[in-house]
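Asker: Letter by letter, the chains look like this.
Protein chains: 2
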Amino acid sequence: MSVLIVGSTALDSIKTPKAENPKLLGGSASHAAVAASFFGPVKMVGVVGEDFPKKYLKLYRKHRINLDGLQVKPGKTFHWSGEYEVNMNNRRTLLTELGVFETFTPSLPDAHKAAPFVLLANIAPALQHHVLDQMRKPKFVVADTMDLWLNIALPDLLRLLPRVDGFVLNDSEAHQLTKEDNVFAALKKIHQLGPKYVIIKKGSHGSILSGPQGFFIAPAYPLHKVVDPTGAGDSFVGGMMGYLSAAKGSVDANIRRAMIYGAVTASFCCEGMGVKKTTTVTRGAIEQRVKELAKLTKF
Amino acid sequence: MSVLIVGSTALDSIKTPKAENPKLLGGSASHAAVAASFFGPVKMVGVVGEDFPKKYLKLYRKHRINLDGLQVKPGKTFHWSGEYEVNMNNRRTLLTELGVFETFTPSLPDAHKAAPFVLLANIAPALQHHVLDQMRKPKFVVADTMDLWLNIALPDLLRLLPRVDGFVLNDSEAHQLTKEDNVFAALKKIHQLGPKYVIIKKGSHGSILSGPQGFFIAPAYPLHKVVDPTGAGDSFVGGMMGYLSAAKGSVDANIRRAMIYGAVTASFCCEGMGVKKTTTVTRGAIEQRVKELAKLTKF
Chain R
5 MSVLIVGSTA
15 LDSIKTPKAE
25 NPKLLGGSAS
35 HAAVAASFFG
45 PVKMVGVVGE
55 DFPKKYLKLY
65 RKHRINLDGL
75 QVKPGKTFHW
85 SGEYEVNMNN
95 RRTLLTELGV
105 FETFTPSLPD
115 AHKAAPFVLL
125 ANIAPALQHH
135 VLDQMRKPKF
145 VVADTMDLWL
155 NIALPDLLRL
165 LPRVDGFVLN
175 DSEAHQLTKE
185 DNVFAALKKI
195 HQLGPKYVII
205 KKGSHGSILS
215 GPQGFFIAPA
225 YPLHKVVDPT
235 GAGDSFVGGM
245 MGYLSAAKGS
255 VDANIRRAMI
265 YGAVTASFCC
275 EGMGVKKTTT
285 VTRGAIEQRV
295 KELAKLTKF
Chain B
5 MSVLIVGSTA
15 LDSIKTPKAE
25 NPKLLGGSAS
35 HAAVAASFFG
45 PVKMVGVVGE
55 DFPKKYLKLY
65 RKHRINLDGL
75 QVKPGKTFHW
85 SGEYEVNMNN
95 RRTLLTELGV
105 FETFTPSLPD
115 AHKAAPFVLL
125 ANIAPALQHH
135 VLDQMRKPKF
145 VVADTMDLWL
155 NIALPDLLRL
165 LPRVDGFVLN
175 DSEAHQLTKE
185 DNVFAALKKI
195 HQLGPKYVII
205 KKGSHGSILS
215 GPQGFFIAPA
225 YPLHKVVDPT
235 GAGDSFVGGM
245 MGYLSAAKGS
255 VDANIRRAMI
265 YGAVTASFCC
275 EGMGVKKTTT
285 VTRGAIEQRV
295 KELAKLTKF
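Chains as they are written, first to last, in my numbering: chain R, 5 to 303; chain B, 5 to 303.
Keep in mind that the hints were calculated from the coordinates and are not lab data.
Small disclaimer: the values here were computed from a predicted structure and weren't measured.
Treat the hints loosely; a few may be bogus.
Which copy? The list can't say, so a pair holds if one copy fits it or any two copies do.
[Said to hold, decoys possible] Here are the simulated BS3-like pairs of lysine-lysine, each with C-alpha atoms no more than 25 Å apart in a straight line:
(1) Lys299 - Lys27
(2) Lys280 - Lys22
(3) Lys302 - Lys192
(4) Lys281 - Lys229
(5) Lys22 - Lys295
(6) Lys141 - Lys280
(7) Lys22 - Lys192
(8) Lys192 - Lys206
(9) Lys19 - Lys299
(10) Lys295 - Lys252
(11) Lys299 - Lys206
(12) Lys302 - Lys200
Could you put together the complete structure from these sequences and hints?
Answerer: Right, dumping it as structure tokens:
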């Protein structure tokens, strides 16, 4: 089955303690779509400007990402610039130029409206609503978010949560949303807002699922060096949704392994600037890390 | 087989956002010995003053902890007072009255010198050395530490590390010791200082072992509410060493499960002020949580 991924498609200028790279391929949809592409067919919806480099379109196509829903509009592509602190955990936004993203309306090509799996990657909740309004009975919808939307679009986000099956956020966002310091107490409160599946991302500490079958504590893949964590969360949820959309059986039967695949695609994302590593890795290398994670957690 | 535990035996006055409790039974040896006592015979070495409440001696005895090495000296028992911040992760020391602990010399009763498992719980590295000087060929020695010793007794600690099989520290201490932000890079550097087994504790994020058989990523037991985390690290390493000392087979064959048992004894520690919960819990309740952790991490 295919997964529809809607989110931002951007140019990222990323400064880390170790490197500075201008206008890399970025955005939540780009990272998630590349990660998902290792597992099955991906339809990506987003918007870029006329300045969007042809080589990035080629990169999407190399990953067999369906671009029928990628709008090309007069103007500039969304440009984000950020800086990471020494520990690579704290990110500071230096610049945000919305460009064509400012007036983006995610209109779905007709063929996209029947996609069984939908990932509403990090994007304004109002746009996530707009996508759902167009869908015909999707099987499993997951929304990602970021602190920005909790700050400026909380009512939209709160209206979205009852409409999705799964909600993914990081631990500081979970704290911001629920005022709970304890992650398990936060998970309980987030379920009360609607989603049946809630996943809290904790970066190098792994992730936690709370769902109909209880909790699942997922490890992160051990990395000795993080080059650039931008897009790791998008790669996590993209890999997870890609795996889920391709796997046989129920969501409940597959979601734990799907999170492990997400953890692995996220680990590759961290090992290169932008999508550099995730666009050169192989499915075999992904399988190898999944096996390693199974060994690393066995007792 | 038995485990010898040397560390501090103290009275803790602990302030948390939710409670304030004066002069609870505390100290690294107390927490570790109680945790270890669920698995096999424990010999504890420490010092208390004449003010040490009889009820706490009773509590040790209830756990069948051998007190032949517990010195009772004229003067006051070590008294520590601390405060936790709202998120229960950051601790601030309000007061430290060393009392009889100031001149403590851990002299081992002869029967203690042949103990196969030795836990050098958190105490000055010079005293940890003194204990090892008296031991006859122990099978497995683990040292714990704290940031204080990294600050004021680093040379002693660095001389200790080649003398121990295992070293346990938390993630911020690992960073302080190695200047590495990345935990796996830090682990590599700590091995170079001597210990074959290095365990980094990450509180609610679990723990990581690096040893001859590679890494093991251990979860923490999910707690919805932390009452008092004081002694959780000591309970972790105490439970681990207690389990190891009682288990049949090699350290390598048992250490992963031992860490899980440590995680569970630590979880109970967090659920009560001081040793309140760990001294009322049953082995059955521990086994139940170990089973749950196995389920929570399976994929």
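Asker: Against this structure, judge whether each hint is valid.
Answerer: Here is what the structure says about each hint:
no.	hint	verdict
1	Lys299 - Lys27	neither (38 Å within a copy, 44 Å between copies)
2	Lys280 - Lys22	within (15 Å within a copy, 48 Å between copies)
3	Lys302 - Lys192	between (27 Å within a copy, 21 Å between copies)
4	Lys281 - Lys229	within (13 Å within a copy, 40 Å between copies)
5	Lys22 - Lys295	neither (30 Å within a copy, 43 Å between copies)
6	Lys141 - Lys280	neither (35 Å within a copy, 53 Å between copies)
7	Lys22 - Lys192	between (39 Å within a copy, 21 Å between copies)
8	Lys192 - Lys206	both (17 Å within a copy, 23 Å between copies)
9	Lys19 - Lys299	neither (35 Å within a copy, 41 Å between copies)
10	Lys295 - Lys252	within (19 Å within a copy, 28 Å between copies)
11	Lys299 - Lys206	both (21 Å within a copy, 20 Å between copies)
12	Lys302 - Lys200	between (28 Å within a copy, 20 Å between copies)
Hint compliance for this structure: hints 1, 5, 6, 9 are not met, and every other hint is.
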